[in-house]
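Take these sequences, add in the hints, and give me the full structure.
In the numbering used here, the protein residues as written are 27 to 779.
What you were told as hints is all true, and nothing was included just to trick you.
DSSO-like, lysine-lysine: derived pairs with alpha carbons at most 30 Å apart:
1. LYS708 / LYS59
2. LYS74 / LYS376
3. LYS590 / LYS683
4. LYS74 / LYS426
5. LYS302 / LYS466
6. LYS597 / LYS587
7. LYS77 / LYS91
8. LYS52 / LYS683
9. LYS59 / LYS77
10. LYS601 / LYS586
11. LYS466 / LYS426
12. LYS376 / LYS96
13. LYS680 / LYS586
14. LYS680 / LYS587
15. LYS74 / LYS91
16. LYS91 / LYS381
17. LYS381 / LYS302
18. LYS327 / LYS270
19. LYS572 / LYS541
20. LYS541 / LYS683
21. LYS466 / LYS270
22. LYS680 / LYS738
23. LYS293 / LYS376
Because the hints were derived from the structure by calculation, they are not lab data.
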Amino acid sequence: MMRPEARLYAVTRPLYSEESFAEEHKKVYRRRKNILDHIKQYLTFDTKRTKNAALSLLPVIGWMKIYQIKEWLLSDIVSGCSTGLVAVLQGLAYCLLASLPPWYGLFSAFFPVIIYFFLGTSRHISVGPFPVLCLMIGSVVTRLVPDDGPPANITGFEGLTRDEARVLVASSVTFLVGLMQLAMGMLQVGFVVLYLSDSLVSGFTTAAAIHILVSQLKFVLGLQVPGISGILSIVYTLKIIFQKITSSNVCDVVISLVVMVVVFFVKELNDRFKSKLPVPIPIEVIMTVITCGVSFAFDFKTIYGIDVVGYIPSGYESPMAPNLHIFQETAMEAFPMAIVGFAVAFSVAKVYSVKHDYTIDGNQELIAFGVSNIFGASFKSFAASTALSRSAVQESTGGKTQVAGLLSAVLVMIVTLAIGFLLEPLPKSVLGAVVIVNLKGMLLQIRDVPSLWRRDKPDTVVWVGTCIAAIFLGLDVGLAVGLGVELLSVILRVQFPRCSVLANIKGTDIYRDRKDHIRIYEPEGVRIFKISSPIFFANIEFFRDKLIEALGFNPLRVLKKRNKALRIIKKLLKKGDLQWTSEGFLNTSFGAQKESEDESNMEELDQPIDFKDLPTRIDWNARLPANIIVPTVEIHSLVLDFAAVSFLDMSALKGLKTLLRELIRVEVDVYVVACDSYILEKLHDCCFFDDEVLPTMFFLTLHDAMLHILEKCPEPAEKKSIYEKIDTTVTVHKPTTSLRIRDKNAPDRETRF
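Shown next, in the form of structure tokens:
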């Protein structure tokens with residue numbers, strides 16, 4: 027029953043097949059560019075394109091031209107100072123994850139920021155150390171330069187201390203990561219980040235957070251635990267920690283607990299009252315200053331034996347060339363670092379660009395981070411990305427542009443050059459506690475798994491598979507496993523798509539899955555089949571099986587049975603054992619004659635039905651002579667809804683054509699509807715059509731095809747009364763061009779169904 031407030035619309039147009047629509051509405055010819063055209067355009071000199079290219083390579087020019095000094099400068103200064111304080115602390119803390127002396131974290135919070143200021147397209151992210159990336163670098167560092175035992179046999183380690191060798195490894199890996207990012211940016215392959223789904227990134231970062239938590243336990247507990255990398259490294263590390271836990275330094279444990287509780291509590295206050303606070307309370311910096319002063323005043327290092335940051339040299343070190351031998355040893359590990367570093371930074375940048383209404387360029391971001399890491403590695407910094415908490419500080423404190431990032435780098439430089447010595451008594455347990463507290467967001471992602479399972483089970487499998495693999499196999503292998511699981515889930519979704527049988531919703535031109543509705547109309551002998559996926563080599567057999575299941579018969583089997591029966595009938599007629607009368611076939615012998623195996627294989631049985639040499643056509647659904655049994659086919663028309671089919675490959679074309687031929691040969695009319703124009707062009711280009719498979723079987727819409735079927739095969743009056751007449755009236759105007767098996771001279775009339 028129609029809703030009283032429902033609005034109605036009426037459309038009067040001709041009934042269209044694809045062929046008749048193409049004849050009446052000519053398409054505009056569009057010449058598509060080929061590869062040579064694109065190359066020629068790329069190499070052609072154009073002043074405007076050159077200017078745009080220069081601006082794209084130096085995005086700073088674009089936003090500096092619109093920089094509003096009065097409105098933005100003060101906000102950028104406040105944001106830069108706040109972010110700089112956090113950057114100093116996080117640089118020292120995250121450097122522990124990379125298994126390097128803490129002051130090298132200050133280098134990573136300075137050099138990459140300077141380069142990103144000129145080349146980056148995001149105005150709000152804070153570039154510098156990222157804990158997941160630091161941990162991945164740390165695993166490489168401890169593998170080549172372990173805590174216990176000699177370093178790997180690499181040219182260039184001669185005469186270096188353990189810390190110097192580790193710095194060489196970290197900077198060389200960072201240089202290689204930068205080269206990879208720069209190469210991807212130059213090749214315009216920024217789209218690679220699209221292959222990292224939200225579920226994969228969430229599962230990966232959760233696993234990374236667990237790795238980071240375990241790696242910081244030794245600082246929080248004050249234990250000496252060697253760095254372990256590789257498969258099951260987290261298990262071996264926990265085993266050592268539990269074996270030594272009775273030797274924990276009580277002072278380190280107390281300091282860590284106090285810092286974690288206070289920082290966690292104040293961070294919760296910051297989140298709850300962020301709308302009322304002008305700037306978030308920099309509690310990490312405050313607690314660092316307090317514990318540093320207390321540690322110096324009471325000489326914690328001497329009295330309680332705690333591990334402190336220690337000597338921090340003033341100034342920057344001279345540039346250093348990367349080690350090519352290390353390139354060879356770490357190439358497989360550097361690539362996932364390049365992808366993870368870019369993916370995280372691009373994801374955060376995209377969030378802020380949407381919030382503040384400006385655009386970012388993925389390829390330019392790759393170039394910016396590539397050059398930043400190459401430049402930073404030359405000055406002994408390690409791979410940079412963006413930390414979510416630090417970027418949140420830069421944006422929430424009013425930062426408008428990367429001027430705030432530049433000022434934060436200046437503050438880091440001041441600490442490095444002048445006041446770094448004040449941080450020497452800082453306990454490393456404080457840095458570990460700060461790192462652990464900042465893992466809250468990543469660790470709490472595990473709460474999303476139950477709701478994700480209810481919404482999308484394949485995505486949940488990707489999340490769980492990535493997380494478990496990254497925890498136990500290592501972050502680099504875990505990322506590869508996660509990508510494999512993700513691609514497998516996509517393949518399975520496409521290879522086994524949802525197929526459905528549609529029916530008409532009474533009183534409308536709408537068609538839905540017949541299992542989902544009650545008031546539906548299904549004309550007798552008509553089947554509407556829909557597949558919601560591209561059709562290609564991997565799912566063409568699945569498509570065929572599902573269609574046969576929906577039809578209720580196998581057309582090839584029916585065709586072979588009919589041809590076999592036809593040959594028997596011809597043989598009986600030839601021998602005189604069967605005669606044709608006005609009332610039909612008449613047996614003149616007892617029983618039916620069967621074929622021998624040799625005779626049954628004499629010719630192909632899947633060829634078109636040939637009624638030549640027969641006095642009449644055979645009604646296969648009627649009783650056949652000589653007790654011959656052939657499967658009956660109650661369907662006379664099949665409609666294939668291709669509205670959701672985006673492409674067909676050559677295997678699919680071949681399989682589809684074979685299937686259509688089999689159906690046509692068993693006297694089932696096939697109609698393909700809502701086919702994309704690109705697919706139609708491909709069908710013509712691939713010589714898909716022949717004497718059996720005709721272009722006239724393609725219709726513009728599903729409703730057009732149904733009207734044509736009901737006009738061609740009207741239902742008996744007694745059947746119509748069963749279904750009730752549909753209220754919708756469609757005026758069908760006969761076009762001047764003839765449709766498939768239609769009388770073009772027939773007058774206009776209204777068709778009701």
